[in-house]
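**Student:** Chains as they are written, first to last, in our numbering: chain V, 38 to 206; chain H, 10 to 109.
Keep in mind the hints are simulated off the structure, nothing from the lab.
Bear in mind the structure is a predicted one, so any value in this text is a computation, not a measurement.
Honestly, I wouldn't trust all of these hints.
Claimed, not checked - Restraint-style ranges between C-beta atoms, simulated for each label pair:
id	chain 1	residue 1	chain 2	residue 2	range
1	V	Val-144	H	Phe-73	27 to 33 Å
2	H	Tyr-15	V	Leu-137	19 to 25 Å
3	H	Met-10	V	Arg-166	17 to 23 Å
4	V	Ile-45	H	Arg-97	41 to 47 Å
5	V	Ala-168	H	Tyr-15	24 to 30 Å
6	V	Gly-44	H	Thr-95	33 to 39 Å
By construction, the Cβ of each residue, glycine as well, lies at the ideal position given by its N, Cα and C atoms.
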Amino acid sequence: MELVIFGITAIVAVIGALAMLLSRNAVHSALFLLLNFSAIAVLYLLLRAPFLFAIQLIIYAGAIIVLFLFVVMLLGAEQVEEERDTLGWQRPVAIIMGVLLLAEVFVVGLGGANLPQAGQQTDFGSPERVAEALFTTYLLPFEVTSIIILAAIIGVVVLHLQEKRQASE
Amino acid sequence: MIPTGYYIALAAVLFTIGVLGVLIRRNALIVFMSVELMLNSANLALVAFANARQDTAGQILVFFVIVVAAAEVAVGLALLVTIFRTKRTTSVDEINLLRG
Numbered sequence: 038m039e040l041v042i043f044g045i046t047a048i049v050a051v052i053g054a055l056a057m058l059l060s061r062n063a064v065h066s067a068l069f070l071l072l073n074f075s076a077i078a079v080l081y082l083l084l085r086a087p088f089l090f091a092i093q094l095i096i097y098a099g100a101i102i103v104l105f106l107f108v109v110m111l112l113g114a115e116q117v118e119e120e121r122d123t124l125g126w127q128r129p130v131a132i133i134m135g136v137l138l139l140a141e142v143f144v145v146g147l148g149g150a151n152l153p154q155a156g157q158q159t160d161f162g163s164p165e166r167v168a169e170a171l172f173t174t175y176l177l178p179f180e181v182t183s184i185i186i187l188a189a190i191i192g193v194v195v196l197h198l199q200e201k202r203q204a205s206e
Numbered sequence: 010m011i012p013t014g015y016y017i018a019l020a021a022v023l024f025t026i027g028v029l030g031v032l033i034r035r036n037a038l039i040v041f042m043s044v045e046l047m048l049n050s051a052n053l054a055l056v057a058f059a060n061a062r063q064d065t066a067g068q069i070l071v072f073f074v075i076v077v078a079a080a081e082v083a084v085g086l087a088l089l090v091t092i093f094r095t096k097r098t099t100s101v102d103e104i105n106l107l108r109g
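All chains, full assembly: derive it from the sequences and hints.
**Tutor:** Printed below as a string of structure tokens:
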């Protein structure tokens with residue numbers, strides 16, 4: 038049963054990613070990325086990580102995709118691409134390199150490595166256990182994230198201020 | 010019970026699609042989405058290993074990756090908007106000067 042759910046979700050995730058890559062319209066790309074993120078959230082649930090399931094849906098599917106859609110529509114940048122092909126020979130090289138990377142990961146990850154198999158304990162990823170680790174062992178990194186977010190806020194405000202100054206000149 | 014290898018294989022496939030997106034597409038917004046896809050596939054691998062080893066640390070790391078990704082998207086999209094205001098394009102081929 039679990040395997041069936043995994044199979045369907047994995048197919049949905051890969052289709053979402055491929056459609057994101059191939060669609061010409063940036064709005065469609067963002068929506069396919071949303072599909073991919075949702076599928077990965079379901080996989081988190083299968084991996085017994087309910088806290089990350091909620092975080093994935095709220096931050097990625099909620100905040101980040103909305104931000105992407107907002108910027109795409111604000112700029113009107115849906116279709117500004119590839120009237121002329123500037124890549125030329127680089128495109129087949131990129132595809133060959135991608136296939137090589139995939140083959141390499143499969144050989145190293147699945148052929149040679151001794152992967153640990155899934156354990157039986159069910160509550161190691163419960164929100165209580167995650168919160169306990171987050172606020173005891175990993176308290177300092179947790180506080181440092183506030184500085185990262187503060188830096189991001191200041192960065193966005195500074196960028197916007199420069200924009201305004203240029204507009205007024 | 011699903012073998013850990015299946016999750017790692019799926020993460021590898023998604024990561025490769027992300028790499029191809031960065032290499033092939035010229036729209037900076039799509040390149041950005043591909044970077045997000047790669048971050049997500051790494052997160053998936055981390056959660057799979059956390060499940061296999063019955064260790065919460067993997068999930069904590071994913072939490073921090075998501076926080077950094079959110080901050081990165083906010084700054085990156087602000088940069089893109091600024092570039093678009095001055096150069097009227099989001100193609101990474103046209104954005105070839107360090108000055109504005």
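**Student:** Each hint needs a verdict: does it hold in this structure or not?
**Tutor:** Structure-based check of all given hints:
1. V:Val-144 <-> H:Phe-73: 27 to 33 Å: 30 Å, holds
2. H:Tyr-15 <-> V:Leu-137: 19 to 25 Å: 22 Å, holds
3. H:Met-10 <-> V:Arg-166: 17 to 23 Å: 20 Å, holds
4. V:Ile-45 <-> H:Arg-97: 41 to 47 Å: Hint holds: Cβ distance 43 Å, inside 41 to 47 Å.
5. V:Ala-168 <-> H:Tyr-15: 24 to 30 Å: Given range 24 to 30 Å: holds, Cβ gap about 29 Å.
6. V:Gly-44 <-> H:Thr-95: 33 to 39 Å: 48 Å, violated
The structure fails hint 6 only (numbered hints given earlier).
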